[in-house]
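Given the coordinates of chain R, assemble chain H onto it according to the supplied hints.
There are 2 protein chains.
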Amino acid sequence: MYRTHTCGELSIKHTGTKVTLAGWVQTIRKFGSITFVDLRDRYGLTQLLFNEAMSVKLEANPLGREYVLQATGTVTERTNKNLNIPTGEVEITVESFLVLNKSAVPPFTIQNDTDGGDDLLMKYRYLDLRRPELKENLLLRYNVSRATRSYLHQQGFIDIETPFLIKSTPEGARDFVVPSRMNPGHFYALPQSPQTFKQLLMISGYDRYYQIVKCFRDEDLRADRQPEFTQIDCEMSFVEQEDVLQMFEGLIKYIFKEVKGIDYTEAVERISWEYAMWNFGNDKPDTRFDMRLLNLKVPGYVFSESLNEVKDEFNKLHTSVSLEEFPVFANAETVIAISVPGASEYTRKQLDELTEWVKRPQIGMQGLVYIKSNEDGSFKSSIDKFFKQEALQAIASYTNANKGDLLLILAGKEEKTRKAISELRLLMGERLGFRNKNNFKLLWVLDFPLFEYSQDDNRWVARHHPFTSPKPAQVEAIINNDPVIEDPAAYLKHAYANVKANAYDMVLNGNEIGGGSIRIHQREIQEKMFSALGMNEEEAKEKFGFLLEAFEYGAPPHGGIAFGLDRLCAIFGGSESIRDFIAFPKNNSGRDTMLDAPASIDKKQLSELNIRLTDL
Amino acid sequence: MYRTHTCGELSIKHTGTKVTLAGWVQTIRKFGSITFVDLRDRYGLTQLLFNEAMSVKLEANPLGREYVLQATGTVTERTNKNLNIPTGEVEITVESFLVLNKSAVPPFTIQNDTDGGDDLLMKYRYLDLRRPELKENLLLRYNVSRATRSYLHQQGFIDIETPFLIKSTPEGARDFVVPSRMNPGHFYALPQSPQTFKQLLMISGYDRYYQIVKCFRDEDLRADRQPEFTQIDCEMSFVEQEDVLQMFEGLIKYIFKEVKGIDYTEAVERISWEYAMWNFGNDKPDTRFDMRLLNLKVPGYVFSESLNEVKDEFNKLHTSVSLEEFPVFANAETVIAISVPGASEYTRKQLDELTEWVKRPQIGMQGLVYIKSNEDGSFKSSIDKFFKQEALQAIASYTNANKGDLLLILAGKEEKTRKAISELRLLMGERLGFRNKNNFKLLWVLDFPLFEYSQDDNRWVARHHPFTSPKPAQVEAIINNDPVIEDPAAYLKHAYANVKANAYDMVLNGNEIGGGSIRIHQREIQEKMFSALGMNEEEAKEKFGFLLEAFEYGAPPHGGIAFGLDRLCAIFGGSESIRDFIAFPKNNSGRDTMLDAPASIDKKQLSELNIRLTDL
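Residue numbers (the numbering used here), protein chains in the order written: chain R, 32 to 647; chain H, 32 to 647.
Bear in mind the hints are in silico, worked out from the structure with no lab data behind them.
One should not assume that every hint holds.
Remember, identical chains collapse to one label, so a pair may be satisfied in a single copy or spanning two.
What the hints assert, rightly or not - Derived lysine-lysine pairs resembling BS3-like cross-links, with alpha carbons at most 25 Å apart:
| no. | residue 1 | residue 2 |
| --- | --- | --- |
| 1 | Lys49 | Lys444 |
| 2 | Lys635 | Lys572 |
| 3 | Lys133 | Lys559 |
| 4 | Lys434 | Lys284 |
| 5 | Lys411 | Lys347 |
| 6 | Lys166 | Lys559 |
| 7 | Lys315 | Lys472 |
| 8 | Lys572 | Lys133 |
| 9 | Lys291 | Lys380 |
| 10 | Lys133 | Lys502 |
| 11 | Lys328 | Lys342 |
| 12 | Lys572 | Lys634 |
| 13 | Lys245 | Lys44 |
| 14 | Lys450 | Lys44 |
| 15 | Lys434 | Lys347 |
| 16 | Lys531 | Lys502 |
| 17 | Lys284 | Lys245 |
| 18 | Lys450 | Lys472 |
| 19 | Lys559 | Lys61 |
| 20 | Lys166 | Lys342 |
Chain R with its partners taken away, still in its complex shape:
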């Protein structure tokens, strides 16, 4: 051992002890004939004092930043204590030292506010990982994993490893594939998730399974997506949705307690997918603040049930105000408002900037309507030409705008407008300080649609995955209706559009951190599901024959969930970027610039694998 103690453990009680430390030179400070060196390791910083004689020796073996140094000496009480760090009351009076390794000057400063650009930090990731911020992130990640394992063990789950070299069954995202040398012309695929394996383990009777496991998706990388990512993957037998929800809000609360010291004792709010879409415009709402969406105009055929609670007010509004007076409202499919608390004082400039913001291509709206509900009871709006004060007041009253609030209104096509106002809501929440990263709010979103309409193929695709079970009451709707969509324009009228799934997402501060479902466990329903997704019998058998067959040998009712560990850690760490919570991430082109991977391979390797490159 090169040391007797770490750089993080010495304190006043060690005074007089002879110790040997090893670590990295953080700083060197000369004061006349003596020299101070801060020595750093994973555990902390300790000050080394080189007296006059030692300083002379130092001059013969000069140190530099990031040199690896071993030093032996006596623990001494400091006259000038630094109470900000645990070791700050003592220093080591160095009696001998040895440079274990030198260091070139790092390409960027190794501190939290580094001067390194993104590319440089990625190329020298091993130096970036020395920064305290990244070290804290990886330690947090380890703590989250540990807490997860500890809770799941207490609950009777066992960790079972599933294979990485599996079969390609493209459905949804693209698979990464691996050519097999021993089986020429054949390929393995890397798993997008261990979904079918965990279901087989339930059929095998393992009852409660979990795994913290890498998964792979060959997707075009949007910002903050990684081709390989880590899931906390769980499955349980003999459960209903309620059991899963309770088990896993328990998990997240346990992690809060263990990792962040937060007692999250309140019940986790539950809302339906429809409720989320109506009230927040998306399926992973940030419920740390209210600022709900209110429809001034509704397209005829969707979400009718969820609108019941505001129906009376909606009708009252429409009897007192003729929104059609304003041509933009008249021509729009949807008109949606949010009431921004205390923002009636927004200046013309601020409102113009918001208008520009919604007109950006990423949002893509034509414009923004505002109504200021002034403190003095008057109203000022961008549509004063079309509406009298009474009409503005009626709109403000319907949208629960108080004095001092600012109403923001978007109009246009249903889906686009809802998405845009949802983004605007998040922006305003951010600006008003409602999205404090140290404030955590969990939410269950339930009753997702089972199917999603694919415009490209004019067919149904699985919203979650093909193994998700429909609500029991709606199984008949699937069995009794042909999946074919006769009229693409009216796909929402197809019986499948309203089938809800036994599926649930857990949302934390506006991010989906986990999702799962109660699975299908009967062969007939699974077959019907495959056929609903446009798979013929032969194809279903080729891709998932093993699972269909397994359902014949006593498959228990089962369900589960998977959490995205990278994202979970990022949110716990108060960051937007999952990359900062992965030791060796890839960039947006899926490249590891440190390794320079992917790269070309030898002709011999290609030929052994029985493949060749096509002309590029």
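Okay, now just chain H, sitting in the frame of chain R:
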């Protein structure tokens, strides 16, 4: 929840409680008008009693083996108790029941002594996994993982995930590669181990790292090898070999205690690689029994130092006996004996069978010489024609054969003969009952050669891997000698042949369960090592430039080890087969016959990846 209790938890103290159980039908026994059903889940078996009225209902809903059943009833004390199982004092008097899922008749019986053949068991792995034996194996594996994590956490290690999509650097085994769609013509490789990443983490200052991680090797599969396997991968900074040995024999002892309840308190024996080769004929000796190898004749140039301890006896033998009398001994490079205790009564038939055994192609010897050291003091041998009783006695005395022992002698080329007699030693150990699977013996083998001679390429290859450090005293031997081997026939005389590594293997019952080394942490030595392995500067930079560069920024001294989890579990479980300790293993062709993977993939997938198949 479909149940109030599991099938493993009810006992006499629950008598009178109303419970609901869910599980699989293990057996159905009818006695007149009543029916007994044993219901099984992961946790145990519970007997259900269907009285006359319930049995009538059962007839309307007949059960079969492996049906999934939910039953509600009252816990009752059994008249006919089964004290072999924890739940055997009670039964459930069923009041209502529901068949949750039916089961077809399984293709084999689901019990430890199943009637299923290997192919059938692999295809229906999910049913095989229901057998108690496999369930125990997977639980043992989970317990080994848990104990590992617990010990390493206590010792300050943190679990850090390293990437799976890395760069292909073929050196040793073949890589599995993954074509990159986003980087046409480029490939990722799957890691053979996280070796370079864990070294980078040491350079980053993480001090103690571990991971239980999948690794991949595209090798031709010998029996009981898997293309994907799991390692317990560990690395430490500021350590010397002794620190690593102590830390990790601590780990294995901890696992023994936690998983097997065994107090392995004795010190782990340590022998050098040369000692192992001389005394046991291989580098992972089973030291549960002695039966050492003794050379009657030695090739001139190898292992001279390790022979010192028997040199005097060796010389004495050769002055008293002229082994050259027997032409086979005269012509052989090596003659090696083992003394098999208490086997002098072996019959002619048994000896003939042993002779056939060593002549099998897998062993490949020409014949077997025996000398019986009879209880009456006489000797009987297959070479009586050439040697007198006194000569046989001298040989017996040199080889420490006692009265009643059987000497077995092989002669031939050094490497082959040593290997053969080592196999013969294991066979005899097995037959004499010295290899009890419930008896565990750990061993460290140290001081491995740094290099191995590759006859194919007439160059040096790394015996462990290119990052292993040489013994400090031998660094000069590498620096001062050219790697080129002028005379292939005399490669053993090259200075590199005698360079020893700071490398160590942990052996358990004759199996290598782990291996590691103190690593090189200086750029110049690493560069010299690459060049010794025949890599030119450009190649070294292309493959491992990131590591060489990392060594320039303050790399600490470091070392580590990796254990093969699959093998470790198999030995702990008293089995020869790692496959029985992997949930979903592949067969000897690297195929998963359950999934039918690998398989062909769509033309669209191939074209997106910019590859095509060559003509097969």
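Hints, one by one, checked against the model:
In this homomeric assembly, Lys49 and Lys444 never come within 25 Å of each other (Cα to Cα): the closest approach is 75 Å inside a single copy and 57 Å across copies. Proximity of Lys635 to Lys572 under the C-alpha cut-off of 25 Å is restricted to the inter-copy arrangement: shortest distance 20 Å between copies versus 36 Å within a copy. With identical chains, the CA atoms of Lys133 and Lys559 are at most 25 Å apart between copies only, with a shortest distance of 18 Å across copies and 67 Å within one. When the C-alpha separation of Lys434 and Lys284 is checked against a cutoff of 25 Å, the pair qualifies neither within a copy, at 38 Å, nor between copies, at 72 Å.
For the homomeric pair Lys411 and Lys347, the shortest alpha-carbon distance inside one copy (22 Å) is at most 25 Å, but the shortest distance between copies (115 Å) is not. Taking the shortest Cα distances, Lys166 and Lys559 never come within 25 Å of each other, neither inside one copy (50 Å) nor across copies (33 Å). Only within a single protomer do Lys315 and Lys472 lie at most 25 Å apart by alpha-carbon distance; the minimum there is 12 Å, versus 56 Å between protomers. When the C-alpha separation of Lys572 and Lys133 is checked against a cutoff of 25 Å, the pair qualifies only between copies, where the shortest distance is 20 Å, while the shortest distance within a copy is 62 Å.
In this homomeric assembly, Lys291 and Lys380 never come within 25 Å of each other (Cα to Cα): the closest approach is 41 Å inside a single copy and 73 Å across copies. In this assembly of identical chains, the alpha carbons of Lys133 and Lys502 lie at most 25 Å apart only when taken from different copies (21 Å versus 65 Å within one copy). In the homo-oligomer, the alpha carbons of Lys328 and Lys342 lie at most 25 Å apart inside one protomer (11 Å), although the nearest pairing across protomers, at 102 Å, exceeds that limit. When the C-alpha separation of Lys572 and Lys634 is checked against a cutoff of 25 Å, the pair qualifies only between copies, where the shortest distance is 20 Å, while the shortest distance within a copy is 37 Å.
For the homomeric pair Lys245 and Lys44, neither the shortest alpha-carbon distance inside one copy (45 Å) nor that between copies (44 Å) is at most 25 Å. In this assembly of identical chains, Lys450 and Lys44 lie within 25 Å of each other by CA distance neither inside one copy nor across copies; the values are 61 Å within and 59 Å between. Taking identical chains as interchangeable, the C-alpha atoms of Lys434 and Lys347 lie at most 25 Å apart only when both belong to the same chain, with a minimum of 21 Å there against 111 Å between chains. In this assembly of identical chains, the alpha carbons of Lys531 and Lys502 lie at most 25 Å apart only when taken from the same copy (6 Å versus 67 Å across copies).
Proximity of Lys284 and Lys245 under a CA criterion of 25 Å is satisfied intra-copy only: 23 Å inside one chain copy versus 30 Å between copies. Taking the closest pair of Cα atoms, Lys450 and Lys472 come within 25 Å of each other only inside a single copy of the chain (21 Å); across copies the shortest separation is 66 Å, beyond that limit. Proximity of Lys559 and Lys61 under a CA criterion of 25 Å is satisfied in neither setting, with 78 Å inside one chain copy and 38 Å between copies. When the C-alpha separation of Lys166 and Lys342 is checked against a cutoff of 25 Å, the pair qualifies neither within a copy, at 53 Å, nor between copies, at 57 Å.
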